[in-house]
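*Asks:* This is what each chain is made of:
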Amino acid sequence: MTDDTPAIEFDSVTQTFGRITALSNLSLEVRSGEKYGFLGPNGAGKTTAIGLLLNFLRPTDGTVRVFGQNVQSNELGVKSRTGALPQGFTPYPNLTGREHLEFACSVREVDTDPDNFLERVGLSDAAEQKAGEYSQGMTRRLGFAMALVGEPDLLILDEPIAGLDPGGAGRIRELIHEQNERGATVFVSSHQLAQVETICDRAGIISEGTMVAEASVSELQARIDGGPRLAITLEDEPTSVPDAVMAIKGVEDAWIDENRMMVNCESASVRTDVLVAFEEAGIEVIDFETERASLEDVFAAYADTEST
Amino acid sequence: MILFTAFFGFSAWRIASSVQPVEAEGGRGSRYTFLEYPETFDAVYAVNGFISYTFHVNSFVFLVPLLGLILGYGAIVTPRATGQLKTLLALPCSRGAILLGKLLGRGIVLTAVIGVGLLVGWITVLVQFETAQTVSFVVFSAATVGYGFVWLSIGFALSSLLATPRQVAAAVFTVFIGFTFNWHEAAVDALGLFPDAYSVDPRQAYLVLASAPYEEIIPKVHLAPHEDIDSFGITVVGTQIADMAAVPLHLSWPIAVFVLGLWILLPLIITYNRLRRLSLT
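Note that the protein sequences, when read in sequence, are chains A and B.
Read in order, the letters of the first sequence correspond to residues 1 to 308 in our numbering.
Read in order, the letters of the second sequence correspond to residues 1 to 281 in our numbering.
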C-alpha cells in the first residue's frame with residue numbers, strides 16, 4: 001500500500017433490497033487523512049453505504065475497499081484499522097460503560113485503561129452505571145468511545161452528533177478533530193449541513209442513492225451563502241406579497257408562510273433592498289431573520305446547475 | 001431459567017423415586033424392552049425412566065429439547081433485532097468467534113441446568129436403590145448433555161434463518177410440537193423407511209446411547225410417545241424377544257454418537273453460513 005491508496009473507495013456500487021434501489025452506481029473516494037462529510041436527507045442511502053463499509057451488507061454490484069482492501073474478503077483486516085459508530089448503536093443493557101470499553105480493548109488487544117476513553121467522551125461519572133440506564137446521548141457517546149479504542153486509522157461515524165446536547169456535541173467535534181490531527185481519516189454521515197460544516201473539509205451529497213455533488217465545505221458554504229432566505233415578521237399580518245418586493249432585482253421568490261413573509265434572495269446584498277422596499281411601501285417590519293438554505297435547497301441548487 | 005432448573009430437578013426426583021423394577025423374566029417399558037431381570041437390583045430402571053414418556057412433562061426427552069430450543073432461539077435473531085450484533089461486528093470480531101462465544105455461553109447454562117437435574121436424579125437413585133452404576137450414569141449424563149446441545153444447535157439454526165424473533169418463536173414452536181407428536185415417525189412411515197430411518201432421529205440416537213451401558217435393555221426401534229402416553233404399561237413378554245438383542249449396526253451406539261454429533265454440527269454450520277451472509281440493515 002502506498003500513501004496514495006484511498007482510505008475509502010466505492011467503485012460503481014449498487015445496492016438493492018428487493019425492488020428498492022438504495023444505492024445506484026455510487027462511486028466515491030476518500031483520501032487518507034481527510035475529514036469527509038457524507039450528506040443526504042433521511043433515506044438517501046447514507047446508512048446503506050456505511051453498512052457496506054462495515055460489511056453489514058454485501059453490494060449487489062461493485063466493490064467497496066478500505067485502505068485498498070476489499071471489505072468483504074478482508075473483513076477483519078479492515079476492521080482492525082477501523083473504528084465505527086454505526087447508526088442505532090445498541091449497547092448491552094446489563095453491562096456497565098466500563099465493561100463495554102474493557103470488551104472493546106480486549107477485542108482490539110489494547111492495554112489502555114478503559115476509563116481513559118470514558119473520560120474523553122465525558123462518561124467517567126457513569127462508568128459503573130449499566131448501559132441500559134444511559135440516555136440516548138450517553139449511549140451515542142459510549143459508542144463513540146468504543147470507536148476510539150486502538151487509535152484506528154479510519155473512523156466511520158454515522159450521525160455522531162445526532163441526539164447530543166450542545167456540550168456533548170462540542171466534545172465529540174473536538175475529539176474528531178483530535179483524531180484527524182493524529183492522522184486518522186474521518187468519514188462522517190449526517191443529514192444536517194451545519195454539522196458537517198463544523199467537522200469536515202470535504203463533503204459528498206447523496207440523494208436517492210446517487211451522488212449529487214462533491215465539493216469542499218467552503219464551496220458548499222459559498223453556494224448557500226449566495227442565496228439566503230429572509231423570514232420577515234410584519235406588524236400587520238400579511239395578506240399578499242407587495243409588488244414592490246417582487247419587482248426587486250435579485251428576489252427569486254416571495255410568499256406568505258403563516259404570519260411571516262418569506263423572501264428568497266439571490267445574494268446577501270439583496271436583503272437590504274427587500275427591507276427598504278417594505279419600508280417604502282409603508283409596511284412596518286417588526287423583526288427579520290436570515291435563514292440559511294436547507295440541505296434540500298442545496299440539492300435543488302445542484303440539480304438546477306446540472307440541468308442548465 | 002431458575003424455574004426451569006427447579007422443574008428439571010423436581011422431574012428427576014419424581015421419576016427416580018417412582019420407578020419400580022420389573023418383577024419378571026422380561027418386560028416392556030415405554031421406550032425399552034427389558035430382556036431379563038437384572039441380577040443386581042440396580043438403578044437401571046430409574047436411569048431409563050428419565051427418558052420415558054410415561055412421565056409426560058417430567059420426561060427428559062420432553063424437557064431437554066424445550067430447554068435447548070429456549071436457550072438457542074434468541075442467539076442470533078435477538079441481537080440482530082436489537083442492533084447488538086452491529087455493535088459486535090463494528091469491532092474486529094470474527095463471525096466464527098461470535099458464534100463460538102454464544103455457543104459457549106449458552107452451552108454452559110444448558111449444561112448447568114441439565115447438570116442440576118442429573119445431580120438430583122443421581123442422589124435420588126442412590127437413596128432409592130441398593131446399587132447404582134456410576135459409569136453408566138456418567139454415560140447417560142454425557143448423552144443427555146449431548147442431546148441438549150443438539151436442540152441448542154437447532155435453536156441457533158432457526159435463530160439465524162429467520163428475520164424476526166416472532167418468526168423464530170413460531171418456528172421453534174412448530175419444531176417442538178412436531179417432535180412431540182412425532183411428525184418424524186409419520187414421515188418415515190410414509191416413505192416406507194421403517195425402521196431403519198429412525199436411526200437419524202436425534203431422539204432415537206439419545207435412547208440408544210442412554211441404554212448402551214446396560215446389556216439387559218435395548219431401546220425399542222421405533223418411537224410413538226403419543227401412543228405410549230395413552231397405553232403405557234409394563235407387560236411381561238418373555239425372553240423370546242432376546243432375538244431382538246442383535247441390534248443392527250445403524251442402531252448401535254457408535255452410529256448414535258455420530259448421529260448426535262451430526263445434529264449438533266450441521267445446524268451450527270448452517271448458523272455460521274447464515275451469520276457470514278447476514279444483511280444487517
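Everything labelled a hint here was simulated from the structure, so no lab data went into it.
Be aware that one or more of the hints could be misleading.
[As the list claims (entries may be wrong)] Part of the chain B face toward chain A, derived, beta carbon under 10 Å: (1) Ser18; (2) Pro79; (3) Arg95; (4) Gly192.
Glycine included, every Cβ here is placed at the ideal spot set by N, Cα and C.
*Asks:* Take the hints in turn and mark each one as holding or not.
*Replies:* Here is what the structure says about each hint:
The restraint placing B/Ser18 at the interface with chain A is violated, with a minimum CB-CB distance near 40 Å, outside the 10 Å limit. Because the smallest distance between the Cβ of B/Pro79 and any Cβ of chain A comes to about 8 Å, under 10 Å, the interface hint for this residue holds. For the restraint placing B/Arg95 at the interface with chain A, the shortest Cβ-Cβ distance is roughly 8 Å, inside the 10 Å limit, so the hint holds. The criterion of a C-beta within 10 Å of any C-beta in chain A is not met by B/Gly192, whose closest approach is roughly 41 Å, and the hint is violated.
Checked against the numbered hints above, the structure breaks hints 1, 4 and satisfies the rest.
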